[in-house]
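Kindly produce the complete structure, drawing on both the sequences and the hints.
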Amino acid sequence: MDFGPFLLLALMEGLVTAAVLALTASGLSLVFGIMRVVNVAHGAFFMLGAVLAWFVSQWVPGPPALSFAVALVLCPLIVGAIAAAADTAVLKRLNYEPEATIVATIGLLYILEQAALSFFGPDARPVPAPLNFRIQLPWFGYSGYKLAVVAAAALVLLAVWLILRHTRAGLIMRATQIDRDTARAFGINVDRVYAGVFAMGAGLAAIAAVLIVPIQQAHYLMGGDPLLLSFIVVIIGGLGSLRGTLVAALVIGLSDGVISTFFAPTLAKIVATLAVALILVLRPQGLFGKRAA
Amino acid sequence: MTGRPFTTTPTRRTILKGMAGAGALAAVPRFVQAQSSEPIRIGFQLHRTGIGASYGRWYERTASAALKVLNEGGGINGRPVEIVFEDDGTDPKRGAEVVEKLTTQSNCDLVMGTLFSHVVIGSAPRAGELKVPYLVCSEGHHVASGMLNRWTLQPGITDVKSQVQGMAPFVSSNLGKKVTMIFPDFAFGHDHRDFFTAAMAAQGGEVIQQIAIPPTETSFTRYFPQIPSETEVIYHVMVGPAVLTFVKELGEFYGSGDRPQLFGFIDSLEAVDINSPGLEFLDGSHFWEGHPRYKQADASEHETFYRAAVGVDDNGASVSDPADIATYAHMFSTWETLFVIKHAMEAAGYTGPADRQKIVEAIEAMTDFAEGQAHPQGPKVFNGKTHQAFGLQSITKVEGGKLVRVHQTSMEDGFYPDEVDYTTMSF
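So the protein lines, in turn, are chains F and E.
Going by full-length UniProt numbering, the first residue of the first sequence is number 1, and it counts up by one from there.
Going by full-length UniProt numbering, the first residue of the second sequence is number 1, and it counts up by one from there.
In case anyone wonders, no lab produced these hints; they're calculated from the structure.
Please note that the accuracy of each hint is not assured.
Listed next, the stretches of chain E that the computed footprint assigns to chain F, with coverage defined by at least 3 CB atoms under 8 Å from CB atoms of chain F [as the list claims (entries may be wrong)]:
#1 46-55
#2 232-244
#3 253-267
Derived pair list, reagent style SDA-like, types lysine to any residue, alpha-carbon separation capped at 25 Å [stated by the list, open to error]:
#4 F/Lys269 / E/Ser219
#5 F/Lys269 / E/Pro214
#6 E/Lys397 / E/Ala297
#7 E/Lys101 / F/Gln114
#8 F/Lys269 / E/Gly50
#9 E/Lys385 / E/Ala198
#10 E/Lys402 / F/Asp123
#11 E/Lys178 / F/Lys92
#12 F/Lys92 / F/Val38
#13 E/Lys93 / F/Ile111
Positions of the beta carbon are idealized from the N, C-alpha and C atoms, including for glycine.
Given below as structure tokens:
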């Protein structure tokens with residue numbers, strides 16, 4: 001294949017990775033930014049979204065587009081509810097101590113994975129794509145649905161940004177992020193904010209999973225890669241900075257696409273991990289993070 | 001004389017005691033008898049979870065069906081047979097632990113059933129140390145290559161080297177000379193890479209590109225640009241949970257444009273419906289199948305019996321769920337291996353774990369297996385020196401949503417010079 005089309009394919013693949021990664025990582029970043037919780041179970045919430053999407057596709061009759069639309073609404077809500085329950089039942093009782101929450105979310109990760117193994121089984125199961133058209137370029141064909149994923153992810157991210165910037169809920173979240181105690185002094189129910197943020201973070205992962213599952217199939221171990229890449233993105237972008245997360249997702253996603261297409265996917269992961277190491281050494285607060293006082 | 005009056009009315013307590021005593025007495029003869037009719041326990045290292053899970057599901061069903069037939073026919077040496085299934089997570093480290101657990105804790109007489117080559121390679125040394133027969137259903141060349149040990153045998157399925165050697169003449173004379181190979185990046189895929197490349201060269205063809213993909217990969221489009229444009233045939237063999245994604249993305253990549261001929265090992269589509277949406281482009285392409293998934297017009301009575309016993313319909317799906325597609329091309333190996341065990345134990349006059357070595361020697365003495373209820377896939381030749389079976393391979397073509405056999409190899413197509421003589425090794 002010539003260089004031009006080769007690069008085009010690499011960029012398209014990278015864009016899909018970047019879009020899904022941006023959604024997943026923004027959930028992780030939100031939780032860390034506002035709650036200071038390193039959520040190791042984030043990948044499990046991602047997996048849960050995909051697995052639930054499969055169940056929805058089995059239960060909802062009619063065309064795949066309908067069941068997909070139902071999954072896109074229902075799965076993030078269910079996953080969010082589970083996350084909120086986990087926050088209230090576990091994390092809150094640990095007073096959000098960093099070490100304790102890491103261990104607790106590792107436990108949560110195992111519980112969710114084993115639950116999926118028990119109820120969903122060990123097999124990868126396909127979920128039909130809502131739209132089945134292929135774009136035939138002169139050099140290669142490409143799935144139209146993958147491009148739709150990019151557009152959908154951009155819309156969801158825009159919505160998240162609007163919520164954070166221009167709604168009262170967003171204002172309360174930002175206030176809690178800046179100073180939890182002062183926010184409480186102003187009558188903000190911090191417990192409820194935390195539960196909501198944890199649910200929203202998990203919900204974002206679930207949306208990303210519902211979008212990706214027609215491409216990748218649902219599998220109980222599928223949360224590992226998104227978790228690793230999300231951590232990479234969040235660390236490079238700056239912990240808690242949504243803008244940094246988006247920029248880093250774009251950089252990591254596109255470089256992943258280009259490097260893995262031109263060289264090897266393993267090399268792409270090596271480069272990404274190396275980038276994290278360099279960032280931690282040279283600029284520990286991340287590209288857009290604020291230096292801790 | 002005063003004493004306690006003798007009473008004939010038993011109390012509730014004495015009745016309970018009596019019942020317990022009688023129960024114990026009744027149990028004794030059964031235990032004594034057990035020395036001769038205690039069940040034979042066969043340990044089954046099963047890929048119930050992990051990347052081999054779909055194979056595991058069907059290996060368990062096939063082995064259980066074979067066990068039922070075996071026990072209905074009188075078991076082994078008149079003794080009933082049990083199978084102890086143990087999940088290895090398709091993980092080599094866990095695999096070695098499972099071999100140990102089955103042998104030392106579950107007291108199994110031998111261990112069988114493993115498919116994935118990295119698990120076999122990880123587990124076989126432990127079987128050798130424990131001196132327990134380890135009968136794999138793996139296809140890998142690692143048994144016949146001499147890499148493993150005297151306790152490891154593969155009597156139920158042909159190895160990859162033999163399979164691809166039988167495929168190369170068909171590929172080079174019918175599909176094309178310039179081949180790009182796509183294979184999973186672990187031992188099994190490396191067998192394909194090495195032996196098919198050599199076999200193609202022997203036919204005057206050439207493998208112009210080798211694309212290795214990790215078996216845990218979930219996205220494949222990024223590998224396809226490496227396929228050179230002068231490729232005439234794409235040879236694909238993938239494993240793992242994402243095989244459907246692999247084939248779908250291959251279809252998307254070529255779309256409606258010109259594409260090379262496709263020759264795949266059915267591994268790329270095991271447990272996947274070939275009529276899944278997005279796979280229309282496979283129409284007219286060819287597959288290797290160890291055992292054709294769709295019942296062929298000339299199917300033998302044994303094939304029909306086997307299908308019914310395992311619960312597979314004529315399209316290769318579970319009779320209870322048409323969406324549950326079998327790993328049909330591979331799972332016959334567990335059935336056939338179980339019957340090889342029966343014949344070996346009977347030939348060896350097996351009585352207990354002290355006779356384990358006799359099982360290995362009895363299998364090494366075998367030379368061929370006739371097609372029949374015990375060998376529904378077809379006749380086999382067994383090489384006792386290399387511990388490897390040889391059989392007939394099928395090439396099928398996708399026609400009208402079914403896989404129809406267009407070629408069957410001869411036994412000789414798969415032979416190659418011995419690379420090891422395990423019988424000269426010590427136990």
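**Request:** Provide an ascending list of the numbers of those earlier hints which the structure does not satisfy.
**Result:** Structure breaks hint 11 only.
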